[in-house]
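Visitor: The primary structure of each chain is shown beneath.
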Amino acid sequence: MKSLHAQHHALADSSYQLTVLSEAEAAGARLPAFAHKLRESGLLPLRPTELAVMQVNVGKMCNQTCRHCHVDAGPDRTEIMTRATMQLCLDALAQTTIPVVDLTGGAPEMNPDFRWFVEQISALGRQIIVRCNLTIIVANPKYYNLPEFFARHGVRVVSSLPHFSAGRTDAQRGEGVFARSIRALRMLNAVGYGVEGSGLLLDLVFNPAGAFLPGSQAGLEREFKQRLLREHEVVFNNLLAITNLPISRFMEYLLESGNYESYMQKLVAAYNPVAAANVMCRSTLSIGWDGQLYDCDFNQQLDLNVAQNAPQHIRSFDAAALQERAIVINQHCYGCTAGAGSSCGGATA
Amino acid sequence: MEKSTYYNPADLAKFGNVADWQPEMGRKFFDYYGEVFKEGALSEREKALIALAVAHAVQCPYCIDAYTSDSLQKGADEAQMMEAVHVAVAIKGGAALVHSVQMMNKAKELSM
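Heads up: the protein sequence lines correspond to chains Z and G, in order.
In terms of the numbering used here, the first sequence opens at residue 1 and continues consecutively.
In terms of the numbering used here, the second sequence opens at residue 1001 and continues consecutively.
No lab work stands behind these hints, which were simulated from the structure alone.
From a predicted model like this one, the values you see are computed outputs, not experimental measurements.
Possibly wrong hints are sitting among the right ones.
Pairs of lysine-lysine, DSS-like flavour, derived with a Cα cap of 25 Å [said to hold, decoys possible]:
| # | chain 1 | residue 1 | chain 2 | residue 2 |
| --- | --- | --- | --- | --- |
| 1 | Z | K37 | G | K1014 |
| 2 | Z | K37 | Z | K266 |
| 3 | G | K1038 | Z | K266 |
| 4 | G | K1106 | G | K1092 |
| 5 | Z | K225 | G | K1038 |
| 6 | G | K1028 | G | K1047 |
| 7 | Z | K266 | G | K1047 |
| 8 | Z | K225 | G | K1047 |
| 9 | G | K1047 | G | K1092 |
| 10 | G | K1014 | G | K1047 |
| 11 | G | K1014 | G | K1028 |
| 12 | G | K1014 | Z | K266 |
| 13 | G | K1028 | G | K1038 |
| 14 | G | K1014 | G | K1038 |
Footprint (simulated), chain G over chain Z, 3 or more residues, beta carbon under 8 Å [said to hold, decoys possible]:
| # | stretch |
| --- | --- |
| 15 | 159-168 |
| 16 | 222-229 |
Glycine included, each C-beta is placed from N, C-alpha and C at the ideal position.
Please model the entire structure based on the sequences and the hints provided.
Guide: Shown next as structure tokens:
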């Protein structure tokens, strides 16, 4: 499957996605503006809390082309962060006490400077999260020792596994992905990841494979743990339930399947002010492959940079100035505030 | 818009309105309903699958829509959902078939 970008699809254009989102808003009072909901909750303008996570998207290159991918990542994407931009991130990090650096992509491991970057962050003594798609570990012999590399730097591995059955996983992530993911999980378990007492954290991410919201994170975690242990002898620490946001390839799926409007209605109906108060953008700074600054990875993919009065690029990083900004919001933000809430760390309410 | 059937999928979202004309009874029903579907001795996923099977047995289109969605949300996959429906089918079919004992008894009673 090609990315929307390679297909020259209309939805590859972020401004067209924003038009679709705003048209749904205009379609009727059933889909009120997200800003109105935030105002009702006393949260407008949305302001940052203490900066706890620097999330760095090191590129759109990926070995998979998942049907729900909000990055529109894939093997045909070539945009990746250079070592010079990584150095700017390290310089910014060194000025702060931000405790966590969250590396995402694409498949972040495919960036040729990925391991160097991890080593440098590790030397600064910060906790590192790698959003690993699992199959990259078994994609090529040069990646086979990633589990040992991760363990050496105490990396917290966060991996998508949409379901404990092959059918539902492969439908979202591609034919054969489930079997390869299980192989990779066993390799991670073999070096201690997910094993009690090892201190090596392996968390799985549940994304619904379709036009519905995730159920209870705790209930899903129990099901996943039982099934993966019983059927595949795989263990892990936590399951993070994440709602699919209606942008990019998931938006394409929603529109093509005729589910777009009902999905948006579901998100709006499930708006939860407690989840809204805890959205991850309040404590995260998101950095794009080219060093541009965003409030979250979703805004990044929609080219919605941080507010104009804040620094726009990591080279002009200024923690105090960023703290003064209002977070940029749009209709897709309903995805993070529905039900139990959704963030890169799972449910928020 | 005029519907060609008695059932309108949009009516599912109005389920709560059934309390309008009898708020106290409605509240008691929905409190009970909410309590039933909470995680207990059975997991939420198991309860969603039971509800899906019962929805087929009582042939409630609203319930089929609601509990297909709920089963997926609770992490069930297609195989589990279809197995749940077959449990309902087996019981409904069995319930009809077991009455054939009465038919057999009666036939024997009436026959030479």
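Visitor: All the hints need checking, so say for each whether the structure fits it.
Guide: Cross-check of the supplied hints:
no. : hint              : result
1   : Z/K37 / G/K1014   : 22 Å, holds
2   : Z/K37 / Z/K266    : 15 Å, holds
3   : G/K1038 / Z/K266  : 21 Å, holds
4   : G/K1106 / G/K1092 : 22 Å, holds
5   : Z/K225 / G/K1038  : 20 Å, holds
6   : G/K1028 / G/K1047 : 20 Å, holds
7   : Z/K266 / G/K1047  : 22 Å, holds
8   : Z/K225 / G/K1047  : 19 Å, holds
9   : G/K1047 / G/K1092 : 19 Å, holds
10  : G/K1014 / G/K1047 : 22 Å, holds
11  : G/K1014 / G/K1028 : 17 Å, holds
12  : G/K1014 / Z/K266  : 14 Å, holds
13  : G/K1028 / G/K1038 : 16 Å, holds
14  : G/K1014 / G/K1038 : 22 Å, holds
15  : 159-168           : holds (count 5)
16  : 222-229           : holds (count 3)
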